[in-house]
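S.K.: Residue-level listing of the chains:
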Amino acid sequence: MLRDAAPAAILLFVAYLLSAELSNLVGTFSNRIFAPLWLTNVVLFAALMSAFRDRILLCVAMALPAHVIAGIETGLPLAQILAAFVAGVAIAVVSSQLALRMLGETPWLGTTSKAARYIVLIGFACPAIFAFVGGAAPILGGRGHGQYLTYWTQWFLANAVGALTLGTAAILVVEGNLTRLWQSGHARQIEAIGLLFAVFITTHAALQTGKPDPADLLRLPLIYAPVAWLAIRFGVAGAGVSVVVVTMVATWHAMNGTGPFIHGDASSNTIALQTFLIALAVPMLLLGAASDQAQAAEDRLDEEKERISLAASVTNAGFYRHEFSSGTTWVSDSGRGLLGLPAAGDLTRERMLAGIHPDDCQIAASVMFADRRRAGESSAEFRVLSSDGSLRWVMARSRTKASKHRNAYDTGGIVLDVTARKSAEAEAEQRRRELTHLMRVSQMGQLSGSLAHELSQPLTAILAKAEVARVLLRETPCDSKAVTAAVDTIIREDQRAGEIIKRMRSLLKNKELTVEPIDINDLCQGVRMLLHVELINKGATLDIVPAPDLPIIFGDSVQLQQVLINLVMNAIEAAHRVDALRRTVVITIRRLGADKVEIAVRDNGPGIGADEQAHLFEPFFTTKERGLGLGLPICSTILRRHGGTLSLENNDGHGVTAFLRLPIRPNGVPVS
Amino acid sequence: MMDQSYVVFLVDDDEAVRESVAELLQAKGYAVRAFESAGEFLDKHEPSVAGCALIDLSMPEVDGLTLQRTLAELNHERPVIFLSGHGDLASGVQAMRAGAVDFLEKPVNLADLMAAIERAAAREKETRKREQEQNAIRARLDRLTRRELEVLQRVIAGRLNKQIAYELGAGEKTVKVHRSRMMTKMGVHTVADLVRMTEKVNLPPSSAAL
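Chains as they are written, first to last, in my numbering: chain W, 310 to 981; chain S, 989 to 1198.
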C-alpha cells in the first residue's frame, strides 16, 4: 500500500520543495514584488485532488519536511513556519474536499453554475476564512499585531490567485480535459498553440514598459482579447491555461521591473498584480464555462437529432409542426412523402389535407390541427391517396402545447406508415370471419338432420293439402270454398318452409359484421325455433324467461344467434351426459343496471370440472368426443367484439350457467 | 276404396301436418281420429275398433317408438305406420323389427301412404280372420274330454293306437273309441287335417312326457 504510494509521495515531496523554493525565489529575486500566488498550497490542493484523495495524512507527512526545509532557508522563526504550514494544509484539505463534493468525482467546471460555485467558494470563501489563520502566522513569528489586516490580505490574495489560476489548471489536468483537448485533432492543436502564443505575445507587449505611465494601465485590457477568444473556442480549459500563461508572464515582468506593477512598494505591487489576475481569471473562467455549456448543449442536440433521425428512418416516420399564431406548417421530407404532399412549396391547411381520403379528412384535421386552445395529445389513423393512386394507411400522433414565446398554441407530431399493420389487421379480421363462419357451417351441419325434419313438416302439410285439392277439384260440383281453404294452407305452410330456409341461410351466409337493432327476447325465440327438433330429438326442453321492457340493443344478430345456438347445444349435450329425468335448458334474460343485458343459459348437466375451468376459452380445448374446441373461443370473440363478455360458472346445484353480458348502446354506436 | 268403418289413428305433434293429412285421408274415404301426442292417443284408445295407427316418429315427451312399444306391452294389437322427418336408418330398423307395417319419410307421397294403409288394413283383416279361426278351433278343443285331449296330443305326435293304449294304460279298443269321438268333435276326417288345425293354436302341453 505504502509502497504503491511511494513514487507519488516522493514526487509530492520534490514538487512541494521546488514550489516553495520558487516562491522564495520570486520574493528574493526582486525587491519590487512577492510571489503573487503560493505554489505550495496549490501543489497540496492538486495532490489531494488526485493521488492523495484518500491519503491526507501521507500527503501532510510528505509536505511537512519539504515545508520546514524551505522555511528554515528563509530564516523565519519555526513557529511562523509551522503556523503557515497548518494554514496551508487546512485550506488545501478543505478546498479539495469541497471541490470533489461540489464538482463530482471527476471534477468538471464546464457549466456556469459549477464554475461560479468554484469561484465563490474555493476562489474566495476558503482563502478569506483561512486567511484568519494564515494572517496570524507572521505575528507568531514575532511581528507586530498592527499589521494583521495586511497579513490577512496578503494571505487571502495569494491563495485566491492560486485557486483561480493554477488551482483551476490542476482541476483541468485531474479531470482529463486538457488531454482530451490535445487529442481532438491537429487543427485544434495548432489553433490552441497559436492562441496561447497570442496570449503570450499580447501579455508581453502590454507589460513592455518601464516608466510609470498611467497609459500603461490602458493596455491591460488588450490581454483580455486573446484570453476571451481561447475561452470561447476551448471553454474552461482555454481560459484556465491562458490565465496561467498571463500569470507567469506578468509575474516575470514584475520581477524584471517592467509593466505597470512595479511602481509602489513590494506589497502594493503584489496586491495590484494579484487584483489584475483575479479580475482576469474570474470573467474568463465564467466565459469558458458558458462556452463549454453551450457546446455540451449543442452536442446533446446533435445527438438527439441523430437519434431522432435514426428512429425516423427506421420507422419511416415523418414529422410535422403547425403554429397556430402564424398559421405556418412545416413537414419533414419523409412526412411530405407519407402525406402525399409535394416535395417543396408552402403548405396550407387545405393543401395538407388534399391528399387525405375524403372520408378521413375530418379526423386527420382534428389531430394535425388539434384544438388551438387546449394542450394535449391525440392520434388518429387515416388513409392517404398517393399520386400514383395507391392507398396508404397513415397514423398521426400529435401533441399540442403552449408556445414558449407567444401566447399561443403549437401542434407538432409524427406521421407513420401503418399500411402493413392495417393490412395484417384486415387479414386477421378476414380469417376470424372465415373461422366464425366455418363454425357456423359446422353447427348447421350438426343441426342439418333436425332442420331437414323441421322443413319436412310444412312440406308434408303442403303435399297433403295439394292432394286434397286435387281430390276436391275432381268432384262435381266442385266445392270451391274447400279448395280455397286447402290452397290457403298450402300458401301458409310454404311460407313457413321459406322462413326455416331463410333462417338457415342467414346462418350460413359469410357476411361481415353488421350492426342492426336486435330485440334480445325475439332473438332467443328465434334460437328456440331453430333448435325445435334438435331439442325433441335429444329429449330436452328449452324454457325462455324473457325480460319485460328490454331496450333494443345493437349488434350482429346472426353472430349473436350463433353464440346462443352454440351455448344451448352445449347445454343440451351436457344435460344429455347425465341421464337426467328432465333435461331442461333455461334461458333467462334480464337487465343488468342501466347499460347491460344479461342472457343466462343454464343447464342441469354434470358441470365443469376444476381442471377444465382454466382452459374453457383456450382454442382446441374440448371435452367432447368429436369437438373441435373452437366453440367457446369463437363465442367469446364475438361477444368481445360486441363490447360484451362471456363467462361460465357452475351452478349451486347441478350444471353450468353461461352468462352473456351485452352493453346497451344508445342509438346504435357501432361495435368496435 | 275402404269402407268407412276403417279408422286411421293419426298421432303427430305438428298441427298443420295433423290437420292436412287428416283431411286428405278423409277425402280418400277413411275415418280419421287425430291426436297431438302419444299420451292423448293412449288415453282415448279403443283397441276393439278396427284401424291402423299413423304415428310421427319424433315427438316431444313420448316419441313414436316408445308409443309402439307401449301398445305392444298393453297387448293392443294395431298395425303401426311410421312417419319420419328424415330417414334415420337406426330408428327405421328398430320400428320394422318391432312389427311396423311401414316407415315413411315426410313429405309422404299419397300413393305410398295409401299403399301402407291398405297393407295395414289387409294385415289387420288377416289377423282378425286368423283370430276367428283360432277361436273356432279353441271352441272345439274345449268340447273334448281330458282323455280325448290326451289321445289327440298323442295322435298329432304320430303315435299308433297301440302305443297310445300303452302310454295311457288303457285297452286299444278304448283308445279307438276316444279317437273316433275326438275326430268327430274336431270335425276332421284325417290326421293330416287335425295336425294342420292344431298347429294354428297353442295346444296346452301334454301331461305326459313324449
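Check the hints yourself; a few may be wrong.
As the list claims (entries may be wrong) - The calculated lysine to any residue pairs, modelled on SDA-like cross-linking and capped at a C-alpha distance of 20 Å, are:
{"hint": "1", "chain 1": "S", "residue 1": "Lys-1016", "chain 2": "S", "residue 2": "Glu-1106"}
{"hint": "2", "chain 1": "S", "residue 1": "Lys-1016", "chain 2": "W", "residue 2": "Ser-789"}
{"hint": "3", "chain 1": "S", "residue 1": "Lys-1016", "chain 2": "W", "residue 2": "Arg-783"}
{"hint": "4", "chain 1": "S", "residue 1": "Lys-1016", "chain 2": "W", "residue 2": "Asp-788"}
{"hint": "5", "chain 1": "W", "residue 1": "Lys-847", "chain 2": "S", "residue 2": "Asp-1076"}
Rather than coming from a laboratory, the hints here were simulated on the basis of the structure.
S.K.: Taking the hints in turn, state whether each one holds.
M.R.: Evaluated hints:
no.: 1; hint: S:Lys-1016 / S:Glu-1106; verdict: holds (12 Å)
no.: 2; hint: S:Lys-1016 / W:Ser-789; verdict: holds (18 Å)
no.: 3; hint: S:Lys-1016 / W:Arg-783; verdict: holds (12 Å)
no.: 4; hint: S:Lys-1016 / W:Asp-788; verdict: holds (16 Å)
no.: 5; hint: W:Lys-847 / S:Asp-1076; verdict: holds (14 Å)
The structure shown violates none of the earlier numbered hints.
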